[in-house]
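Next come the chains, spelled out residue by residue.
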Amino acid sequence: MNDIAPRAIGVLLLFIAAGSIGQEKPRVLYFQDDKAERTPSHTVIPAYPRRARRERIEGEVQVCFKVDHFGKPYRIGVRRSSNRIFEKPAIHAVRESTYLPLAPDQKVSGIKTCRTFRFLLEPVEPDDSETPGLSGQDLSN
Amino acid sequence: MKKLTNRRPIYCGILCLLLAFTTAVAIENKTVIGPTNPDLQEGANALLSGDIEEGIRLTLIGLKMETGTRDRQTAMSNLCAGYTILNKLEEALRYCNLVLEENDEHWRALNNRAIIYVKQRRFAEAEKDIDKGQELAPNSRTLKLVRAMLLDATNPVSPNIIIDDRRSPPDNDE
Chain F
1 MNDIAPRAIG VLLLFIAAGS IGQEKPRVLY FQDDKAERTP SHTVIPAYPR RARRERIEGE
61 VQVCFKVDHF GKPYRIGVRR SSNRIFEKPA IHAVRESTYL PLAPDQKVSG IKTCRTFRFL
121 LEPVEPDDSE TPGLSGQDLS N
Chain G
142 MKKLTNRRPI YCGILCLLLA FTTAVAIENK TVIGPTNPDL QEGANALLSG DIEEGIRLTL
202 IGLKMETGTR DRQTAMSNLC AGYTILNKLE EALRYCNLVL EENDEHWRAL NNRAIIYVKQ
262 RRFAEAEKDI DKGQELAPNS RTLKLVRAML LDATNPVSPN IIIDDRRSPP DNDE
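Top to bottom, those sequences are chains F and G. Quick note: my numbering has the first sequence finishing at residue 141, numbered continuously throughout. Quick note: my numbering has the second sequence finishing at residue 315, numbered continuously throughout.
Okay, chain F solo, but in the shape it has when bound (with noise of 0.2 Å):
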């Protein structure tokens, strides 16, 4: 028989090590041309996965839905995608986002909108003065 051995912890230091790895606001782009059918009212920018972000891991997936005459997305589905860890925060960020209403003599169109989320990491100066580690976060994901 077997007695309980003492729990080793060395995953204790997880938490340090996942404190450090911080989760900044991502920088924006957007583009448009004058061909959309609909305007946007209202668009949420996706978080950028943090699982992708730890592993450098980038990405880019084309979402397709259609717009309701109040704005509202509906039909949401992935066309196309590099990597399945950027689908989620896409079709959720599309899901949040409105457009414009249509008049009330405006009929809704049948074509589909599609919109276009790439994900990039942008290599940025290592900061000497800090040293890493021991700042709380988040830890999910």
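A few of these clues could be false.
[Claimed, not checked] Below, computed lysine-lysine pairings styled on DSBU-like, alpha-carbon distance capped at 35 Å:
#1 F:Lys88 x G:Lys229
#2 F:Lys88 x F:Lys66
#3 G:Lys273 x G:Lys285
#4 F:Lys88 x F:Lys25
#5 G:Lys285 x G:Lys229
#6 G:Lys229 x G:Lys205
#7 F:Lys25 x G:Lys205
#8 F:Lys25 x G:Lys269
#9 G:Lys269 x G:Lys285
#10 F:Lys72 x F:Lys112
#11 F:Lys107 x F:Lys66
#12 F:Lys107 x F:Lys72
#13 G:Lys205 x F:Lys88
#14 G:Lys205 x F:Lys112
#15 F:Lys72 x F:Lys35
#16 G:Lys205 x F:Lys66
#17 F:Lys88 x F:Lys35
#18 F:Lys88 x F:Lys112
Calculated directly from the structure, the hints in this document are not laboratory data. Fair warning: this is a prediction, and the values are worked out from it, not measured in the lab.
Given the structure of chain F, go ahead and fit chain G onto it with the hints provided.
Showing chain G alone in chain F's frame:
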């Protein structure tokens, strides 16, 4: 220290989940009759609950009464973790080194020592420990996080998101 104290609940919440899993795996094929080294066990519990000083005190007592190689290595690894949280890096490093002198395949000690090295900005040594740790435990989430910590220290990046609503093919203007 004040900063740390405020964050301990976050640390401990996830740690408890991880430890629950670790313990479950450890005792899966064993008949349980009780802890071999109560001080060591209570020391680990204290560390888990965020009482780092008490955890270290109990673990040091447990270390004196260690009953085997595994207990000793666990104690030293836990001391390494505790002292690191207290930012007593030299002391922490001493205990991690002691573990690794006895068992150079103790991936948790490699994980812990890599964090110390990153905090000391000894990046090459940190990378070596992470590489070796990942050879031993390729699926370790903690080691992945430590590697990310190292990358953030040596090659930091800033996230950019491009939202493109254009219907016509984009020019090369990005």
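query: Holds or violated: are the alpha carbons of G:Lys229 and G:Lys205 at most 35 Å from each other?
result: Distance ~21 Å between G:Lys229 and G:Lys205 Cα, so the pair holds.
(message) Given the hinted pair F:Lys107 and F:Lys72, is their Cα-Cα distance within 35 Å?
(response) 14 Å, holds
* Asked: Keeping to a limit of 35 Å between CA atoms, is the pair of G:Lys205 and F:Lys112 held or broken?
  -> The hint is violated at about 71 Å.
Check your understanding: Going straight from one Cα to the other, do F:Lys88 and F:Lys66 come out at no more than 35 Å?
Key -> Satisfied, since the Cα-Cα distance of roughly 18 Å is no more than 35 Å.
Verify the proposed pairing of F:Lys25 with G:Lys269, using a straight-line Cα cut of 35 Å. 31 Å, holds
35 Å Cα cutoff - pair F:Lys107, F:Lys66: Status holds; Cα separation ~13 Å.
| Is the straight-line distance between the alpha-carbon of G:Lys205 and that of F:Lys66 35 Å or less? | 69 Å, violated
Can the restraint linking G:Lys285 and G:Lys229 be considered satisfied, given a maximum Cα separation of 35 Å? 24 Å, holds
(message) With the threshold set at 35 Å, check whether the alpha-carbon distance from F:Lys88 to G:Lys229 stays at or below it.
(response) 41 Å, violated
| request: Take the C-alpha atoms of G:Lys273 and G:Lys285, compute the straight-line distance between them, and say whether it is at most 35 Å. | output: Roughly 12 Å separates the two Cα atoms, so the pair holds.
### Message
Given the hinted pair G:Lys205 and F:Lys88, is their Cα-Cα distance within 35 Å?
### Response
51 Å, violated
Distance restraint between F:Lys25 and G:Lys205, which requires alpha-carbon spacing of 35 Å or less: Distance ~49 Å between F:Lys25 and G:Lys205 Cα, so the pair is violated.
Hint compliance for this structure: hints 1, 7, 13, 14 and 16 are broken, all remaining hints hold.
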